[in-house]
Amino acid sequence: MPFRLLRGAVFALPALFGVVFFAYPVGSIIARGLSSASGDRVQQVLSGSSFGGIVWFSVWQAVASTLLTVIVALPAAYVLARFDIAGQRVARALLVVPFVLPTVVVAGAFEAVFTRFGLDDGALVLRHTPYAVLLAHVFFNYAVVVRIVSTFWDQLDQRPEEAARVLGATAAQTMLQVTLPRLRPAISSAASIVFLFSFTSFGVILLLGGPRLATVETEIWRYAVSRTEFDVAAALALLQLVAVVLLVIVTTRTEKNRAIDSSTVARLSSTRPQGRQWVLVAVVTGSAIALLGVPILTLIERSLSTGDGYGLSNYSALADPVNLLPVSPTKALTNSLVYAAIAAGISMVVGGMAALSMQRPTGTGAKPGTNRITSLAKTGLLDIGLTLPLGTSAVTLGLGILISLDESPLDFRTRWWIVPVAHAIIGIPFVLRGVVPAIRGIGPHLREAAATLGASPTTIIREIDLPLVTRALLVGAAFAFAVSLGEFGATSFVPRRPETTTAPIAIFRLLGQPGDILRGQAMALSVILMVITALSALIIERASGTDRGLL
Amino acid sequence: MTGLRVDGVTVQFGATTAVDDVSLQVNPGEIVALLGPSGCGKSTLLRVIAGLAMPANGSVLWNGVDLGSQPPEARGFGLMFQDHALFPHRNVADNVGFGLKMQRKGTADRQRRVDEMLELVDLAGYGPRTVDSLSGGEAQRVALARALAPSPQLLMLDEPLGSLDRSLRDRLAIDIRDVLKRLGQSAVHVTHDQDEAFTVADSVAIMRAGSVVRHGTPHDLWNDPATAFVADFLGHPNILDDAQGFGGPSGSAVLRIDAITFCDATTPGAIAGTVAAMWFRGDHFRVQVETTMGPLVALSSEGGSSASLTPGDQVHLRIRPDGFSPLR
Numbered sequence: 001m002p003f004r005l006l007r008g009a010v011f012a013l014p015a016l017f018g019v020v021f022f023a024y025p026v027g028s029i030i031a032r033g034l035s036s037a038s039g040d041r042v043q044q045v046l047s048g049s050s051f052g053g054i055v056w057f058s059v060w061q062a063v064a065s066t067l068l069t070v071i072v073a074l075p076a077a078y079v080l081a082r083f084d085i086a087g088q089r090v091a092r093a094l095l096v097v098p099f100v101l102p103t104v105v106v107a108g109a110f111e112a113v114f115t116r117f118g119l120d121d122g123a124l125v126l127r128h129t130p131y132a133v134l135l136a137h138v139f140f141n142y143a144v145v146v147r148i149v150s151t152f153w154d155q156l157d158q159r160p161e162e163a164a165r166v167l168g169a170t171a172a173q174t175m176l177q178v179t180l181p182r183l184r185p186a187i188s189s190a191a192s193i194v195f196l197f198s199f200t201s202f203g204v205i206l207l208l209g210g211p212r213l214a215t216v217e218t219e220i221w222r223y224a225v226s227r228t229e230f231d232v233a234a235a236l237a238l239l240q241l242v243a244v245v246l247l248v249i250v251t252t253r254t255e256k257n258r259a260i261d262s263s264t265v266a267r268l269s270s271t272r273p274q275g276r277q278w279v280l281v282a283v284v285t286g287s288a289i290a291l292l293g294v295p296i297l298t299l300i301e302r303s304l305s306t307g308d309g310y311g312l313s314n315y316s317a318l319a320d321p322v323n324l325l326p327v328s329p330t331k332a333l334t335n336s337l338v339y340a341a342i343a344a345g346i347s348m349v350v351g352g353m354a355a356l357s358m359q360r361p362t363g364t365g366a367k368p369g370t371n372r373i374t375s376l377a378k379t380g381l382l383d384i385g386l387t388l389p390l391g392t393s394a395v396t397l398g399l400g401i402l403i404s405l406d407e408s409p410l411d412f413r414t415r416w417w418i419v420p421v422a423h424a425i426i427g428i429p430f431v432l433r434g435v436v437p438a439i440r441g442i443g444p445h446l447r448e449a450a451a452t453l454g455a456s457p458t459t460i461i462r463e464i465d466l467p468l469v470t471r472a473l474l475v476g477a478a479f480a481f482a483v484s485l486g487e488f489g490a491t492s493f494v495p496r497r498p499e500t501t502t503a504p505i506a507i508f509r510l511l512g513q514p515g516d517i518l519r520g521q522a523m524a525l526s527v528i529l530m531v532i533t534a535l536s537a538l539i540i541e542r543a544s545g546t547d548r549g550l551l
Numbered sequence: 001m002t003g004l005r006v007d008g009v010t011v012q013f014g015a016t017t018a019v020d021d022v023s024l025q026v027n028p029g030e031i032v033a034l035l036g037p038s039g040c041g042k043s044t045l046l047r048v049i050a051g052l053a054m055p056a057n058g059s060v061l062w063n064g065v066d067l068g069s070q071p072p073e074a075r076g077f078g079l080m081f082q083d084h085a086l087f088p089h090r091n092v093a094d095n096v097g098f099g100l101k102m103q104r105k106g107t108a109d110r111q112r113r114v115d116e117m118l119e120l121v122d123l124a125g126y127g128p129r130t131v132d133s134l135s136g137g138e139a140q141r142v143a144l145a146r147a148l149a150p151s152p153q154l155l156m157l158d159e160p161l162g163s164l165d166r167s168l169r170d171r172l173a174i175d176i177r178d179v180l181k182r183l184g185q186s187a188v189h190v191t192h193d194q195d196e197a198f199t200v201a202d203s204v205a206i207m208r209a210g211s212v213v214r215h216g217t218p219h220d221l222w223n224d225p226a227t228a229f230v231a232d233f234l235g236h237p238n239i240l241d242d243a244q245g246f247g248g249p250s251g252s253a254v255l256r257i258d259a260i261t262f263c264d265a266t267t268p269g270a271i272a273g274t275v276a277a278m279w280f281r282g283d284h285f286r287v288q289v290e291t292t293m294g295p296l297v298a299l300s301s302e303g304g305s306s307a308s309l310t311p312g313d314q315v316h317l318r319i320r321p322d323g324f325s326p327l328r
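Chains as they are written, first to last, in this note's numbering: chain S, 1 to 551; chain L, 1 to 328.
Source of the hints: derived by calculation from the structure; they are not laboratory data. Idealized CB from N, CA, C, for every residue including glycine. Please note: incorrect hints may appear among the correct ones.
Think about it this way: if two alpha-carbon atoms lie no more than 25 Å apart in a straight line, the pair counts; the simulated DMTMM-like pairs of lysine to aspartate or glutamate are [what the hints assert, rightly or not]:
# : chain 1 : residue 1 : chain 2 : residue 2
1 : L       : Lys101    : L       : Asp115
2 : L       : Lys105    : L       : Asp122
3 : L       : Lys105    : L       : Asp94
4 : L       : Lys181    : L       : Asp232
5 : L       : Lys105    : S       : Asp465
6 : L       : Lys101    : S       : Asp465
Partial chain L-side listing against chain S, Cβ under 10 Å, derived [as the list claims (entries may be wrong)]:
#  : residue
7  : Thr2
8  : Ala50
9  : Pro88
10 : Lys101
11 : Val297
Could you build all of it, start to finish, from the sequences and the hints given here?
Next comes the structure, spelled out in structure tokens:
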């Protein structure tokens, strides 16, 4: 029966893909990490005094980034949730732009700010300090907290607040004693996401932290790529993996709390701000522009600066070969666009197939029993296998590919296509996140109606399921495209053939070198990458409509 | 041409038996209603007939041929759902034409048939409309047109009017019967509403806890419900433990409300009683009368005169002897 075969393929392809390009590499890290953990060299590194400092900084910077982001973003969440201001929707949409920007672009933007405003040497130095890292993390994650908390806040029943006011509480008391405790699920959910991102942050720390700052994540890279001590790198990655998986478990639990607590009753419409409230609105808007707008604008300004004025020379120089790059920046950009398109395509096909086979088994004649159980196990397996990459840092994935896909028949790590495939592994969970709910939302009656009208199971997939999930599928693909375009962590591990250099790698190399001309080109390339990712983010925002969108 | 035959069908969900050894016959051109309270297994039986669920035991035959494990799309049966299940990504015409497309009918044929069907359900010109723009009643008609368009051998309707309000239900029930009869369509109509079953169907099968307890014409069922469950489910108010005192047979019996009339004290055989309660029902009153043999509910449509009754009034009732039907 052809449908059986098709169904088999729909399950087998994503499963095979996940096993070869994710489970096997990560499994190799675990195996190698475990076997090398007792070795002398690994013991020597782990017990070294500098390693304690690295772990301490990894945790410390993540905690500080999280606290700072929450403190800075909460007032903005309040303003967005409670007030009705012109341009609010546009502001909400624009907020996600920093979130999707490539890490190297953000690093480039802050470098631009530091050099432009003399923060690289002088009385106040931010460049290559932990503060630079914290600033960049707040820049990235501001939208996470604002969007998650404001959406929750917006749907919160206002009557407890009103009851508190009627019982004699002042506005401030109500905020502290009623509202904030009620917002806790959303705040802790957002905070754990920010913590996770900051803890696994890689490009920002490598570029903005300078040579002296290191986290576990950057150490993995240093041992693997600069020193080719794979045993040490694997042991560190295993450590990191355990920590991150624990974090993800905590995160998903708080996510569940958020879902339960956001049940909505009698919410009031937002009002226009009055009197002193305008001051708050102005402060929030001003600080958001300062935090998010200044780096972006400075980046653009620097990219146009030619030393003695403004012009496009940095951009036109992108086509020329650069000594320290194997290809011209334009070629790197072309590579990135091609890889991003391929990664988006793979994510869409593999993610779409995985989502289809994750469908709850509805009984077209299915007898309850063994069938049901195996298919449940099957969907569970796929679910885990394909969503786990969210909890695995890009660096871990890159290291896994580096140490595992090096032998026939899986000698893939030097193939050009391993780059888009690695990006697809990172992109697939984003496709699943949109498509799985969309497929589950198709009521069984639609399929049954089609069946009684003469549609075979294959036809039902083509005529009913696919058209109804197209939008979610395309949104997921656009997301995968944006992620691939800026991907740095995993790509930096894959031993590239020179001609496969991507734009983020090129920016990283250019930024790492002294010299105004090269920095100018890095800025110009960053601006181009920024414009493309920002456009895809805005398209995703628009296409997802009233759904959750990016965050 | 022997139509549909359901033969000893049993369906089990784990330990519970949803359908228990049900047999049923639907003759060609006949509309059979499956009537029963929610959870009685009527929708499950429908899904078995459609091929959407498989029975643990028994078989479904069409014109004498066992359909076995034939998948739904191969049976040529139509099914109409309570929630319409219209495809949200297709307009009205594409919804109605879906089954024809599955039959690989050409565009021109399809177009003609779609127009014909839309006209049949009184929605001519609705083809280009989106599904979202339809009212509940319109969506229901589109669902009917869609189910009928491929000329199914048998049409199944699963609570087709369940989501509509009362007045629309009454009107659409009449329309559905009219359309089905005009096409000579064999149909199985699942509902929990006795009025709807009586309006639409030629014969009614009453289901209870997975079994068909009675199958007959609406007229037969009403006049001879046979069991207290059926009598109660059909809405008979006078189910008597012993009918002899009222002039009926000995033992339990149902007394049809239309066989009780108000009369004078002088009428021969008049039974005296006191009005205990009254319920206004629009075009009539229901009056509960306490007699020495027990309470009776009578119908009064005499407008002014009966509206002047009040609880506590003395009245006399006459009972036609043919109004009794013994219960088994």
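Any hints this thing doesn't respect? Which numbers, in order?
4, 7 and 11
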